[in-house]
Structure formats: structure tokens, C-alpha cells
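J.: Sequence:
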Amino acid sequence: MSEIRLSTNPYKGTRDFYPTDMRLRNWFFGKIRSTLLASCFDEYGGPMLESLDLYIAKSGEELAGEQTYNFEDRGHRRMAIRPEMTPTVARMVAGKIGELNFPLRWFSIPNMYRCENPQRGRLREFWQVNVDIFGCDTYEADLETIVSAVRLLTAFGADSSMFTVHISNRRFFNDVVSSIADTDIEGCRKISKIIDKRKKIPREVYENELKALSMTDEQIATLDSLYTATVEQATALCPDSVGSAELLHLFEMLKKIGLSDYCCFDFGIIRGLDYYTGTVFEVFDNAPENNRAMFGGGRYDNLVGLFVKNAKVSGVGYGMGDVTLENFLFTHNLVPAELCEKKVLITRFADVPYEAYMSVSDKLYALGVTASVYLGVKKFGKQIDYAAKENYSHVIIMGGDELAANSVKIKNLATREEKTVALDTLTADDFN
Numbered sequence: 305m306s307e308i309r310l311s312t313n314p315y316k317g318t319r320d321f322y323p324t325d326m327r328l329r330n331w332f333f334g335k336i337r338s339t340l341l342a343s344c345f346d347e348y349g350g351p352m353l354e355s356l357d358l359y360i361a362k363s364g365e366e367l368a369g370e371q372t373y374n375f376e377d378r379g380h381r382r383m384a385i386r387p388e389m390t391p392t393v394a395r396m397v398a399g400k401i402g403e404l405n406f407p408l409r410w411f412s413i414p415n416m417y418r419c420e421n422p423q424r425g426r427l428r429e430f431w432q433v434n435v436d437i438f439g440c441d442t443y444e445a446d447l448e449t450i451v452s453a454v455r456l457l458t459a460f461g462a463d464s465s466m467f468t469v470h471i472s473n474r475r476f477f478n479d480v481v482s483s484i485a486d487t488d489i490e491g492c493r494k495i496s497k498i499i500d501k502r503k504k505i506p507r508e509v510y511e512n513e514l515k516a517l518s519m520t521d522e523q524i525a526t527l528d529s530l531y532t533a534t535v536e537q538a539t540a541l542c543p544d545s546v547g548s549a550e551l552l553h554l555f556e557m558l559k560k561i562g563l564s565d566y567c568c569f570d571f572g573i574i575r576g577l578d579y580y581t582g583t584v585f586e587v588f589d590n591a592p593e594n595n596r597a598m599f600g601g602g603r604y605d606n607l608v609g610l611f612v613k614n615a616k617v618s619g620v621g622y623g624m625g626d627v628t629l630e631n632f633l634f635t636h637n638l639v640p641a642e643l644c645e646k647k648v649l650i651t652r653f654a655d656v657p658y659e660a661y662m663s664v665s666d667k668l669y670a671l672g673v674t675a676s677v678y679l680g681v682k683k684f685g686k687q688i689d690y691a692a693k694e695n696y697s698h699v700i701i702m703g704g705d706e707l708a709a710n711s712v713k714i715k716n717l718a719t720r721e722e723k724t725v726a727l728d729t730l731t732a733d734d735f736n
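Just so it is clear: in the sequence shown, position 7 is 311 by our numbering, and no numbers are missing.
What the hints contain is simulated information worked out from the structure, not anything from laboratory work.
From a predicted model like this one, the values you see are computed outputs, not experimental measurements.
Since no wrong hints were added, every one of them can be taken at face value.
Think about it this way: if two alpha-carbon atoms lie no more than 27 Å apart in a straight line, the pair counts; the simulated DSSO-like pairs of lysine-lysine are:
no.: 1; residue 1: 494; residue 2: 515
no.: 2; residue 1: 362; residue 2: 497
no.: 3; residue 1: 647; residue 2: 715
Label-pair ranges, simulated between beta-carbon atoms:
no.: 4; residue 1: 352; residue 2: 709; range: 47 to 57 Å
no.: 5; residue 1: 426; residue 2: 515; range: 23 to 33 Å
no.: 6; residue 1: 380; residue 2: 489; range: 31 to 41 Å
Ideal Cβ placement from N, Cα and C applies to all residues, glycine included.
Based on the sequences and whatever the hints tell you, model everything.
T.: Set out below in C-alpha cells:
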């Protein structure tokens with residue numbers, strides 16, 4: 305009977321993260337976290353498992369069933385591994401609605417799972433930066449959310465030539481489409497589904513689907529004109545719309561704070577989920593080889609009401625996946641060549657007691673210097689090779705003579721420079 309060998313590959317749509325991969329992830333998650341904290345967003349977390357009903361209430365039975373890894377637990381409860389964070393944070397806000405101090409500025413970086421076909425920028429397991437503001441009904445929260453998205457990307461060195469925030473408004477969309485197509489809110493919803501997939505289907509299919517909803521050629525032409533309209537031209541069609549006023553205020557303020565180069569009006573931005581009620585936006589990578597929407601979000605005023613009757617807590621936010629962010633950073637050469645922090649390898653010699661090296665390690669630890677003692681005893685050259693391959697910045701050399709003199713030699717592996725320092729005077733600056 306042949307011996308069974310298990311596959312070394314991870315489950316399809318998931319990834320292994322070796323130390324080199326984790327250095328990259330820790331670098332960009334660390335930069336994201338520090339950027340959001342600097343803007344007074346507070347970090348929160350939630351459980352990996354939620355009731356499947358949570359996602360059914362938000363997206364419907366069919367979509368929730370198709371997109372989630374779900375199962376029945378031993379208590380016969382229908383559970384799901386979270387495919388997104390918005391329902392969880394809405395539940396959390398609702399759970400302590402009487403205790404929280406609004407407005408809230410929250411963010412999280414959880415990992416999630418979606419049962420879908422893996423493709424570029426989309427995997428089954430992924431991490432997502434979620435940024436939300438709760439409890440502010442005016443356009444200022446929309447503005448702050450968009451500002452935070454711009455800050456996240458510029459924190460990596462990106463500029464307005466690399467990405468653009470495409471902005472629209474669902475209230476405005478419903479008003480202008482209702483006016484053009486002479487339809488009700490349900491008709492607007494059906495038209496929005498067609499517009500949302502406009503760039504993914506042939507023009508003929510797009511027109512035929514609109515005509516199936518009783519739109520005429522003239523109405524379709526009017527709709528088409530909005531795709532290239534400025535915010536002023538578009539809002540002029542429905543000047544009394546609340547959405548028009550929100551758009552004009554938002555773009556006026558974006559101009560005043562110097563973000564006009566990063567943002568544009570785009571009537572075709574729908575954000576397919578029906579719970580969006582006001583401002584919607586998507587951030588596009590402008591690189592020709594990666595020209596796509598990286599992430600997006602918008603205003604959702606009704607989610608907390610799923611948990612608390614008559615709750616009136618507005619929300620606006622977005623989610624940015626780690627896969628699309630990584631693609632963006634590499635596409636625009638925004639990943640530093642060297643991600644490792646300075647770290648020191650304490651090399652060993654057979655004539656020096658191991659405890660002497662551990663004493664040096666303790667001293668470096670107390671100084672705040674990242675260091676470790678080489679494990680095992682090999683020729684000095686092999687230890688230097690190990691240090692170079694593991695991205696150590698410096699090595700400490702302490703043979704019998706150095707031990708007797710209570711000193712060490714410090715070698716900079718990048719410059720190959722070497723100096724002798726007394727242990728009693730050793731400081732963190734010796735490794736700069």
C-alpha cells in the first residue's frame with residue numbers, strides 16, 4: 305500500500321505568509337494603522353463567526369448563501385464565517401447605542417472569507433481595512449471619509465497621477481433617473497443594476513436591458529450624457545434634489561482643502577449594494593496595466609435599524625482589501641527595497657562561554673536594539689553568510705581578546721565598516 309502524501313499547497317484562494325511576506329504586510333498595515341490613528345480613528349474588532357441571518361438581513365438569502373462559508377452548529381444555529389465587516393460593526397454600534405459617544409470614528413483590519421472564484425485582486429481569504437464614521441448626518445462625514453482614503457494612499461508616497469476617487473450620490477442618482485425615465489424607486493433600482501455593470505457588458509446588451517425597462521433611445525442618450533458631465537452640469541438636471549446639494553457641498557469643500565486633483569464626479573459609480581443611501585465613491589488605480597477600482601464605499605443610513613427599532617444612526621465608510629492595495633503598491637513602485645528594521649546578530653566563537661553572549665544580548669535588549677545570538681557553532685564566515693541572508697544590518701564580534709578587554713567589535717554589513725566599542729559605553733547609536 306503506497307504512502308499518502310498530503311499537498312503542501314494552501315486551500316484555493318488562500319495564501320501562506322512566510323516571514324518575507326509578513327514583513328511586507330506588517331509594513332503596510334502598520335502604515336495604515338498609524339495614519340488612521342493620527343486622524344483620531346479608533347480601532348475595534350469583532351468575531352470571525354456571525355449568525356448567517358446577519359448577512360441575509362443585509363444582502364438577502366441568495367447572496368448571503370452564495371458568498372459565505374456557512375454551516376449549522378451543534379445547537380442547530382445557522383452560522384457564517386464573516387465575508388465582510390459592515391454588518392458586524394452595525395451590530396456592535398446597535399448593541400451599545402445608549403452608551404456610545406457619537407459621532408464615532410472607527411476602523412478595523414480583519415481577515416474575512418468569501419466563497420467565490422479567485423481572480424486578480426479577489427481571493428477567498430483576504431484582509432480588509434474598514435473605516436467608518438457613525439452618527440453624523442451631514443456631508444462633513446462623507447468628506448472626512450474620503451479624506452482618510454486619500455491620506456491612506458498618499459502615506460505610501462502615492463500622488464494624484466496614480467489614483468483618482470470617483471464620486472457620486474445615490475439620492476441624486478434616484479432623483480435624476482426618476483426624472484429621465486419617469487419611473488419609481490424600484491425602477492431606479494433596476495436601472496442602477498444595469499448601469500453598475502455597464503463597462504462589463506457589450507453596448508448592445510446595455511441598451512437592450514434598459515429598453516426592456518421601457519426606456520427610449522432619447523432617454524438612454526440623456527442618461528449617457530451624464531457619464532461625461534461635470535458635477536455642476538449633472539446637478540443642474542435636478543437642482544432641488546437633496547443629493548444635488550450634497551454633491552455640490554462636497555466638491556466645493558474638496559476644492560477648498562486642495563483635493564480636487566484627487567477626486568472627480570462620476571455618475572456611473574453606483575456601488576451595487578442597495579443599502580447605500582447618499583454619497584458613494586470608488587478609488588481607481590490610474591496605471592494602464594492595473595486600471596481598475598481598488599476599493600470604495602459610501603453612506604448607509606439604515607443598517608443600525610436592523611437591530612434597534614427606530615434607530616437613527618447614520619453611517620459612512622469604506623473597505624479596502626489587502627490584495628488590491630498590494631497590487632497598487634507594486635504597480636507604482638511604492639514598496640521600499642528594504643523593509644527590515646535594523647537588527648544585530650551576535651556571532652560566536654568556541655573559546656567564549658555562551659553565557660557571555662547572552663549577557664551581550666540582554667544588554668542590547670535593554671538598549672532597545674533588536675538582536676539575537678547565533679544558534680550553534682559554525683565557522684565565522686558561515687555566520688556572516690547567515691546574517692546577510694537573513695537581512696541583519698550589523699554583527700557583533702566577541703572573541704577571546706574582546707572578552708578579556710570587555711569590548712565588542714561592531715560590523716556594519718552594508719558598508720563593511722568595523723569599530724571596537726567598550727561594553728560599558730555601548731549605546732543604541734552605535735548601530736546607526
